[in-house]
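Undergrad: Spelled out from the first residue to the last, the chains are:
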Amino acid sequence: MSHLSRRDLLRTSGAGLLALTAGGALAACGGGSGSGGAGGDAESGTVTVWSWATAAEALRGVVPAFEKDNPGIKVDVQDIGEPAIWDKITVGMAAGGQGLGDVLHIGCDYLPGYLEKFPGGLANLSEFGADAHKDAFAKGLWPVVTGKDGHAYALPWEVNPLGFFYRKDYFDKAGVDPESLATWDDLIAVADRFKAANPGIAMVGLNKAANPSPDLDFLQGLMQLQGAFYFDLQGRITVGSEAAVRALTIIKRLEEAGMIADTPGVQSWPPVMKAGKLAVAAMPAWVAHYLEKKFTDQSGDWRLTKPPAVTPGGKRTALVNSTHLAVAASSPRRRAAWKFVEYALTRTAAVNSMFNAGGVFPALTAAYADPLYSAPSAFYGGQPVLKTFADLATDGGDPTNYSGDYARALKLVSDAQTKVLLKGADPAAVLQDAAKQLAQQTGRTIA
Amino acid sequence: MTAAVPSVTLAKDAARAHRNARRRRTAVPYLLLAPALLTFGVFKAYPVVDSLLLSFTTGSGSASHAAGLANYRRLLDDPLFWTALRNTGEILVLQVPLMLGLALLTAVGINSALVRWRTVWRLGVFMPSVTGLVATGVMFAYLLKADDGAVNWLLNAVGLPAVDWLGQPFWARMAVVLVLTWHYTGYNAVIYLAGLQSIPRELYEAAMVDGAGPVRRFTAITVPGLRPVLLFTIVLSTIGTLQLFDEPYVLTGGGPDNATLTVSMYLYQNGFRFFDFGYASAIAYALTLLVSVLGAAQMRLMGERDT
Chain A
1 MSHLSRRDLL
11 RTSGAGLLAL
21 TAGGALAACG
31 GGSGSGGAGG
41 DAESGTVTVW
51 SWATAAEALR
61 GVVPAFEKDN
71 PGIKVDVQDI
81 GEPAIWDKIT
91 VGMAAGGQGL
101 GDVLHIGCDY
111 LPGYLEKFPG
121 GLANLSEFGA
131 DAHKDAFAKG
141 LWPVVTGKDG
151 HAYALPWEVN
161 PLGFFYRKDY
171 FDKAGVDPES
181 LATWDDLIAV
191 ADRFKAANPG
201 IAMVGLNKAA
211 NPSPDLDFLQ
221 GLMQLQGAFY
231 FDLQGRITVG
241 SEAAVRALTI
251 IKRLEEAGMI
261 ADTPGVQSWP
271 PVMKAGKLAV
281 AAMPAWVAHY
291 LEKKFTDQSG
301 DWRLTKPPAV
311 TPGGKRTALV
321 NSTHLAVAAS
331 SPRRRAAWKF
341 VEYALTRTAA
351 VNSMFNAGGV
361 FPALTAAYAD
371 PLYSAPSAFY
381 GGQPVLKTFA
391 DLATDGGDPT
401 NYSGDYARAL
411 KLVSDAQTKV
421 LLKGADPAAV
431 LQDAAKQLAQ
441 QTGRTIA
Chain B
1 MTAAVPSVTL
11 AKDAARAHRN
21 ARRRRTAVPY
31 LLLAPALLTF
41 GVFKAYPVVD
51 SLLLSFTTGS
61 GSASHAAGLA
71 NYRRLLDDPL
81 FWTALRNTGE
91 ILVLQVPLML
101 GLALLTAVGI
111 NSALVRWRTV
121 WRLGVFMPSV
131 TGLVATGVMF
141 AYLLKADDGA
151 VNWLLNAVGL
161 PAVDWLGQPF
171 WARMAVVLVL
181 TWHYTGYNAV
191 IYLAGLQSIP
201 RELYEAAMVD
211 GAGPVRRFTA
221 ITVPGLRPVL
231 LFTIVLSTIG
241 TLQLFDEPYV
251 LTGGGPDNAT
261 LTVSMYLYQN
271 GFRFFDFGYA
281 SAIAYALTLL
291 VSVLGAAQMR
301 LMGERDT
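Chains as they are written, first to last, in the numbering used here: chain A, 1 to 447; chain B, 1 to 307.
If you're looking for bench data, these hints aren't it; they were derived computationally from the structure.
Please read these numbers as outputs of a predicted model, since none were measured by experiment.
The C-beta atom is built at its ideal place from N, Cα and C for all residues, glycine as well.
Don't take each hint at face value.
[What the hints assert, rightly or not] The list that follows gives simulated cross-link-like pairs (lysine-lysine, DSS-like), each with its CA atoms no further than 25 Å apart:
(1) Lys139/A / Lys274/A
(2) Lys252/A / Lys68/A
(3) Lys294/A / Lys274/A
(4) Lys423/A / Lys145/B
(5) Lys294/A / Lys145/B
(6) Lys145/B / Lys277/A
(7) Lys139/A / Lys173/A
(8) Lys134/A / Lys148/A
(9) Lys274/A / Lys12/B
(10) Lys423/A / Lys277/A
(11) Lys68/A / Lys339/A
(12) Lys139/A / Lys315/A
[Said to hold, decoys possible] Simulated restraints, written as ranges between beta carbons of each label pair:
(13) Pro270/A / Ser292/B: 34 to 40 Å
(14) Ser299/A / Asp50/B: 39 to 45 Å
(15) Pro161/B / Asp426/A: 35 to 41 Å
(16) Val293/B / Lys436/A: 27 to 33 Å
(17) Leu52/B / Thr445/A: 56 to 62 Å
(18) Gly314/A / Val93/B: 47 to 53 Å
[As the list claims (entries may be wrong)] Not close to chain A: a few residues of chain B, all C-beta gaps over 10 Å, as computed:
(19) Arg25
(20) Leu143
(21) Lys145
(22) Pro169
(23) Leu230
(24) Gln269
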């Protein structure tokens with residue numbers, strides 16, 4: 001499932017990016033600039049598309065209609081596999097674009113790294129008129145695909161709005177209606193009541209020791225609800241910002257209230273949730289399908305609502321991640337490649353057929369008018385969960401800049417969270433410390 | 001004249017043939033060595049030299065450029081590097097004496113004339129050191145699980161409280177020490193065993209005649225007799241622990257909160273997680289320096305002057 005791949009992708013982001021530099025070294029040896037300027041703008045030929053897993057399958061479904069409407073262009077969708085695709089793209093870019101596919105499926109955590117490390121590696125899509133679709137996608141995604149020069153280098157495809165899944169049975173026992181909780185403070189305020197009614201049940205699951213890998217999706221979600229992240233759009237460090245401190249403080253207070261369960265090891269939260277020990281999942285859209293498939297015995301227990309705001313009156317939407325289609329600058333048939341990207345990602349019929357086939361929640365907001373988004377789901381007690389996510393995506397979020405130093409930020413912030421959870425450290429102190437280290441290691445300035 | 005020409009040519013030919021033969025003879029060893037030299041050059045010497053050069057560069061991709069000593073200066077100001085160094089030092093000071101002490105006792109035990117089925121014991125003790133890294137990691141991850149691991153079950157059975165082995169900084173470090181000791185004690189014990197068997201029995205017999213007890217025989221004959229072997233294992237274990245990577249990698253990932261972050265783990269993270277190969281190379285060379293200095297110091301302190 002592509003949404004599962006997304007999760008793995010964000011977890012293992014470091015491993016794949018390895019090749020960015022490895023490939024970079026190759027480029028330096030070969031004297032290649034990695035600019036890949038040798039491409040051409042042919043409007044016909046065979047367009048090769050690199051993607052992975054069910055997303056690739058979904059793309060294949062669009063091909064027959066596209067080929068019928070665009071005689072002279074053939075499309076070959078290849079499932080490169082994830083995370084292998086990141087190494088392959090990196091090596092290809094480092095080799096000046098040799099051997100790259102024409103169309104590349106790239107996640108939000110890799111796109112900034114490629115743009116930063118291989119300037120000129122991806123085709124400038126604004127030249128083909130990509131800017132016309134600027135407002136067609138969920139708010140907050142366009143800056144992610146825009147380079148430092150203001151041009152678009154990809155089109156958004158998948159988006160994952162943050163949801164707040166909860167166990168209705170547990171909250172009912174405590175006499176609390178999560179729909180009425182406007183802020184995380186409100187949630188923490190009912191923690192004692194919740195605990196009294198549900199002994200041994202926690203709300204959130206976190207891998208407290210971050211063993212074997214960081215568990216920061218929850219913290220990142222809390223930051224993104226405030227329009228904040230580890231870096232601002234200029235690439236400056238915001239790890240020690242007030243928003244970050246507020247986010248980590250919420251985690252500290254939840255921990256002190258006994259509302260965070262440890263979910264250790266590679267298995268992470270699923271076994272704990274399967275055992276019915278977690279009452280909340282503040283997780284993105286792909287989880288809706290995952291819960292339904294994995295925890296069939298909890299059918300009817302789960303509901304979904306908007307995530308509470310961090311500050312009173314604050315925003316209750318966040319786009320936690322996204323994936324995109326880009327065109328390699330080295331492609332000899334950039335125009336044909338762009339035609340396919342535009343066809344697949346800006347037409348509601350195409351986008352929704354891919355959602356049905358591969359579970360890729362679309363970034364194209366016009367797609368949500370389709371009745372499939374308002375259909376009730378039995379697992380969620382008849383609630384139309386997709387509608388909630390469609391509404392959240394329509395509201396949009398603030399753009400997130402993962403930057404080329406995401407992996408390093410991830411480690412330092414993870415250390416900070418572990419200090420808070422295991423040693424009761426002060427969130428402001430550990431985050432400002434992390435920001436300083438990040439600045440020392442990357443040469444970036446602190447905003 | 002006409003007859004001399006061929007004979008001169010013949011002589012010349014013979015000389016040339018002789019030279020060629022000699023050249024061929026001298027070339028043969030080099031030819032035989034070539035595969036080894038070539039692989040050594042490509043897979044050992046080249047990376048070693050290249051990573052030294054790499055340590056003077058920064059950035060990556062098309063943005064890679066020379067940086068002089070910037071990486072080394074950055075290293076001195078990097079708190080995580082010092083944390084890694086301190087962790088490595090603490091594990092070293094605790095683990096190497098513990099492991100070598102255990103190994104020595106095990107070797108003496110197995111070597112004792114009273115022990116039967118010596119081969120079985122020897123095999124059992126050596127077994128862990130041939131166990132693969134991943135198998136070890138998975139096995140101990142299960143044994144050390146906080147809620148239903150076998151180790152905690154044992155602790156509970158004898159009335160001790162359960163320990164969050166991999167979730168608490170102190171215990172995570174102890175878990176690494178435990179696994180490291182489990183993994184390499186047998187290896188060292190077998191080396192000691194070989195050393196023990198080379199000590200002449202007559203010395204023990206003479207000491208017994210002189211009325212020396214088992215403790216006296218151990219300190220006055222066994223330990224001095226093992227001196228070169230002890231030096232060998234101490235230096236190798238020190239180097240091995242300084243380069244410690246496998247155990248924290250499979251058990252703790254360097255956590256929690258960097259409690260088991262070793263220099264090699266940090267090197268790996270910088271190279272393969274953050275793609276900062278220049279900086280990772282600088283860490284590698286800092287570690288090389290440390291290993292050389294410590295190794296030389298140990299040889300100087302313990303080594304025999306006459307050998």
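Undergrad: Against this structure, judge whether each hint is valid.
TA: Each hint, compared with the structure:
As the CA atoms of lysine 139/A and lysine 274/A are separated by approximately 34 Å, the hinted pair breaks the 25 Å bound. Distance hint between lysine 252/A and lysine 68/A is unfulfilled; the C-alpha atoms sit about 57 Å from each other, more than 25 Å. Under the criterion of a C-alpha separation no larger than 25 Å, the hint pairing lysine 294/A with lysine 274/A is consistent with the structure, at around 8 Å. For the proposed pair lysine 423/A and lysine 145/B, the alpha carbon gap of about 20 Å is at most 25 Å, so the pair holds.
Annotation: proposed proximity of lysine 294/A to lysine 145/B holds, straight-line Cα distance about 24 Å (limit 25 Å). In summary, the hint linking lysine 145/B to lysine 277/A is supported, as the alpha carbons are separated by about 18 Å, within the 25 Å threshold. For the hint linking lysine 139/A to lysine 173/A, the alpha-carbon distance of about 38 Å lies beyond 25 Å, and the restraint is violated. Only pairs whose Cα atoms come within 25 Å are accepted, and lysine 134/A paired with lysine 148/A is accepted, the gap being roughly 16 Å.
Of the pairs offered as hints, the one joining lysine 274/A and lysine 12/B is violated, with about 91 Å between alpha carbons and a cut-off of 25 Å exceeded. Restraint check: the Cα-Cα separation between lysine 423/A and lysine 277/A comes to about 23 Å, which is no more than 25 Å; the hinted pair holds. A hinted pair counts as satisfied when its Cα atoms are at most 25 Å apart, and lysine 68/A with lysine 339/A qualifies at roughly 13 Å. A hinted pair counts as satisfied when its Cα atoms are at most 25 Å apart, and lysine 139/A with lysine 315/A qualifies at roughly 13 Å.
In this structure the hint that proline 270/A and serine 292/B lie 34 to 40 Å apart at CB is violated, the actual value being about 47 Å. Under the hint 39 to 45 Å, the C-beta atoms of serine 299/A and aspartate 50/B, about 58 Å apart, miss the expected range. Checked against the hint of 35 to 41 Å, the pair proline 161/B and aspartate 426/A fails, with Cβ atoms roughly 29 Å apart. Checked against the hint of 27 to 33 Å, the pair valine 293/B and lysine 436/A passes, with Cβ atoms roughly 30 Å apart.
The supplied range of 56 to 62 Å is broken by leucine 52/B and threonine 445/A, whose beta-carbon atoms lie about 31 Å from each other. Checked against the hint of 47 to 53 Å, the pair glycine 314/A and valine 93/B passes, with Cβ atoms roughly 51 Å apart. At the 10 Å boundary, the C-beta of arginine 25/B stays outside the reach of chain A, the nearest C-beta of that chain being 39 Å off. Residue placement check: leucine 143/B keeps its beta carbon more than 10 Å from all beta carbons of chain A (closest about 13 Å).
At roughly 8 Å, the least C-beta separation between lysine 145/B and chain A is not larger than 10 Å, which violates its mark as non-interface. The claim that proline 169/B is not at the interface with chain A is violated, since a C-beta of that chain comes within 10 Å of its own (minimum 7 Å). No beta-carbon of chain A is positioned within 10 Å of the beta-carbon of leucine 230/B; the least distance is around 36 Å. At the 10 Å boundary, the C-beta of glutamine 269/B falls inside the reach of chain A, the nearest C-beta of that chain being 7 Å off.
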